[in-house]
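**Student:** Chain A is fixed; fit chain B onto it per the hints.
Protein sequences appear in the order of chains A and B.
Its first residue numbered 1, the first sequence is counted upward by one per residue in our numbering.
Its first residue numbered 1, the second sequence is counted upward by one per residue in our numbering.
These are calculated hints, taken from the structure and not from any lab test.
Quick caveat, the model's predicted, so the values are computed rather than measured.
Hints may be right or wrong, so weigh each one.
Since copy identity is lost for identical chains, a pair holds within one copy or between any two.
[Claimed, not checked] Once the Cα atoms are required to be at most 27 Å apart in a straight line, the calculated DSS-like pairs of lysine-lysine come out as:
(1) K73 x K180
(2) K198 x K317
(3) K73 x K88
(4) K323 x K198
(5) K268 x K235
(6) K250 x K128
Number of protein chains: 2
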Amino acid sequence: MTSELGVEEAIHGLFDALAAQSDLEILAVGDPNVLEPLLAKGPSALRSRAHLSPATEVIGMDEEPGQAFKTKKDASVSVACRLVKEGKAEAAISAGNTGASMAAATLTLGRLEGVRRPAILTFLPNGKGRTALMDSGAVTDCRPEDLVQWAIMGNLYLQHARGVAEPRVGLLSIGEEDKKGNAQTLETLPLLRQAPLKFIGNVEGRDIFDGSCDLVVCDGFVGNVVLKTAEGLAKMIMSELRAEYEQASKLGQLGGYLSKPVFASLRKTLSPDEAGGGALLGVAGNFIITHGHSNRVMLRNAIRVAADCIRHDVTAKMAHAFKPAA
Amino acid sequence: MTSELGVEEAIHGLFDALAAQSDLEILAVGDPNVLEPLLAKGPSALRSRAHLSPATEVIGMDEEPGQAFKTKKDASVSVACRLVKEGKAEAAISAGNTGASMAAATLTLGRLEGVRRPAILTFLPNGKGRTALMDSGAVTDCRPEDLVQWAIMGNLYLQHARGVAEPRVGLLSIGEEDKKGNAQTLETLPLLRQAPLKFIGNVEGRDIFDGSCDLVVCDGFVGNVVLKTAEGLAKMIMSELRAEYEQASKLGQLGGYLSKPVFASLRKTLSPDEAGGGALLGVAGNFIITHGHSNRVMLRNAIRVAADCIRHDVTAKMAHAFKPAA
Chain A
1 MTSELGVEEA IHGLFDALAA QSDLEILAVG DPNVLEPLLA KGPSALRSRA HLSPATEVIG
61 MDEEPGQAFK TKKDASVSVA CRLVKEGKAE AAISAGNTGA SMAAATLTLG RLEGVRRPAI
121 LTFLPNGKGR TALMDSGAVT DCRPEDLVQW AIMGNLYLQH ARGVAEPRVG LLSIGEEDKK
181 GNAQTLETLP LLRQAPLKFI GNVEGRDIFD GSCDLVVCDG FVGNVVLKTA EGLAKMIMSE
241 LRAEYEQASK LGQLGGYLSK PVFASLRKTL SPDEAGGGAL LGVAGNFIIT HGHSNRVMLR
301 NAIRVAADCI RHDVTAKMAH AFKPAA
Chain B
1 MTSELGVEEA IHGLFDALAA QSDLEILAVG DPNVLEPLLA KGPSALRSRA HLSPATEVIG
61 MDEEPGQAFK TKKDASVSVA CRLVKEGKAE AAISAGNTGA SMAAATLTLG RLEGVRRPAI
121 LTFLPNGKGR TALMDSGAVT DCRPEDLVQW AIMGNLYLQH ARGVAEPRVG LLSIGEEDKK
181 GNAQTLETLP LLRQAPLKFI GNVEGRDIFD GSCDLVVCDG FVGNVVLKTA EGLAKMIMSE
241 LRAEYEQASK LGQLGGYLSK PVFASLRKTL SPDEAGGGAL LGVAGNFIIT HGHSNRVMLR
301 NAIRVAADCI RHDVTAKMAH AFKPAA
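Excised from the complex, chain A in its bound form (with noise of 0.2 Å):
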């Protein structure tokens, strides 16, 4: 109900999820009086795996999270968190205000036994692939232990959502050697290298993209200014380039005119819509969030990344990997 770019995008993105995924059905959750008209516009081919489940309030882009959660217990969020609390639906997804959609996912499924931060999981394209970075922005001030066990979910989501067989797990920190870092990360350090995990060490802020490592594991505000870098810098660099050729010579534009699919395929790579939503692990149930102006691309290729997490039955294995034993 809240996303920047309008409902209308969202609804666009959850038609072009059931056309691409014949196994799905998805319930629209917030006001009947703006959804149903525009479920209505949907394919009709599609339109019956297309339901509604009203919910009669919002959370705005900008209330305060954790007062808007306790005071409207009707937000969109909150009634589809509720669904999946029972049984009604297997997976929640949120392109709404990150911390209220935090606190109703966390306050409503619950935290997994054992789990003591639950923590988002998003992926950064690496030229061979993708980069699982985690936390990206759930908690912005942790402990080494919270580092370690986001190390431990976010490699059982890659081998069991992704079908990595032995995740490369990286430190992010500011250089390689082991004394390199800071207090948080010296201290993460010697528990990573006893965790079960294929755990490679330090890594740096360039080891994200060349491919050589499949998770890195940082602090939730290290991690968001890493996701924003990167964003930053990819639009820069693509505006340089437009800059550039319309300075160039005729032949130059030429040139620019000639690499039009070079760049298409450039910025497809680079796009974060690609990736879809993070994954917020360690709550007792799937839960994606998705940037607050997410287009019709990014909320079909969320919608994606919960089904994989319901497929895979991503909640399962990390409950049963957290499970204290009897």
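**Tutor:** Just chain B now, with coordinates in the frame of chain A:
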């Protein structure tokens, strides 16, 4: 002496700088057996402004910085700092072990009175010019007061060495709203609001690259991650472009050929070589740290940064700003 691309590359950078700036004299500090023949090979018109200053030891890239600084009294970086301390040089530049450079500069030159932790200011491209980032990796665990001091030092640097009348200063965080951030930034934000700066509040990773601020302040761990993330992504994008062209149609490949000048210009915009080196601000003397694998372009530009510091008397400006009232 320890630059990863070799001493010859460094000496090329030295002569390039002498050619570009006729009022400079440069001392090459290190092993005379290595340096003398290289200096003798330089352009004859420039040789009279290139001097040799002997140092018998070097600190390797892998040595423990504090220990190496203590035991190797005659290391080239220490000799260079002593030349500044004794007034025989007006700035020192190191492309070696960053930790050892920091130790040599901080302990030989000393901190400016009133400065808690010296830190490194570097530049990133933003499409319109460059955005300064401070700290870039000197101090990995810091206090809010340090961030405030860096904002003040960076602000002075931009005003005096770069002629930015009223630098826009932002605090790197994970959302623009005041309540977004981690414990460190939340505590720092109100302090920066009270500082004598044009403080524009929290900024995000993407704002570094859009020209909306002149100086971004963050702790050295985060700053170093930002630098290396940007470096890694830029490299990945350039190699993706190459790969895309290789797979393109004949016409697409022609497009790539005709676009060569555009890519050369883009590569130059993105290259860290253009920014030169990072100024270590807060020590009692001008000291520039550059990449361990600096090429001649980067070294020439690092020397330009040093010359800017000298010409605009940057250290004196800092000293004046931090001197406690008598």
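**Student:** Quick one: K323 to K198, C-alpha cut-off 27 Å, is that within a copy, between copies, both, or neither?
**Tutor:** This pair counts as within: shortest intra-copy Cα distance 21 Å, inter-copy 52 Å.
**Student:** Pop the pair K198 and K317 into one bin, within, between, both or neither, using alpha-carbon distances up to 27 Å.
**Tutor:** within (18 Å within a copy, 51 Å between copies)
**Student:** For K73 and K88, with the copy left unspecified, which applies at a CA distance of at most 27 Å: within, between, both, or neither?
**Tutor:** within (18 Å within a copy, 72 Å between copies)
**Student:** Up to 27 Å between alpha-carbons, please classify K250 paired with K128: within, between, both or neither.
**Tutor:** Between copies only: 24 Å across chains, 34 Å inside a chain, cut-off 27 Å.
**Student:** Checking an output row: K268 and K235, CA cutoff 27 Å. Within, between, both or neither?
**Tutor:** both (12 Å within a copy, 17 Å between copies)
**Student:** One pair to classify: K73 and K180, alpha carbons no more than 27 Å apart. Within, between, both, or neither?
**Tutor:** Classified as between: cross-chain Cα gap 24 Å, same-chain 47 Å, threshold 27 Å.
The structure meets every hint from the earlier list without exception.
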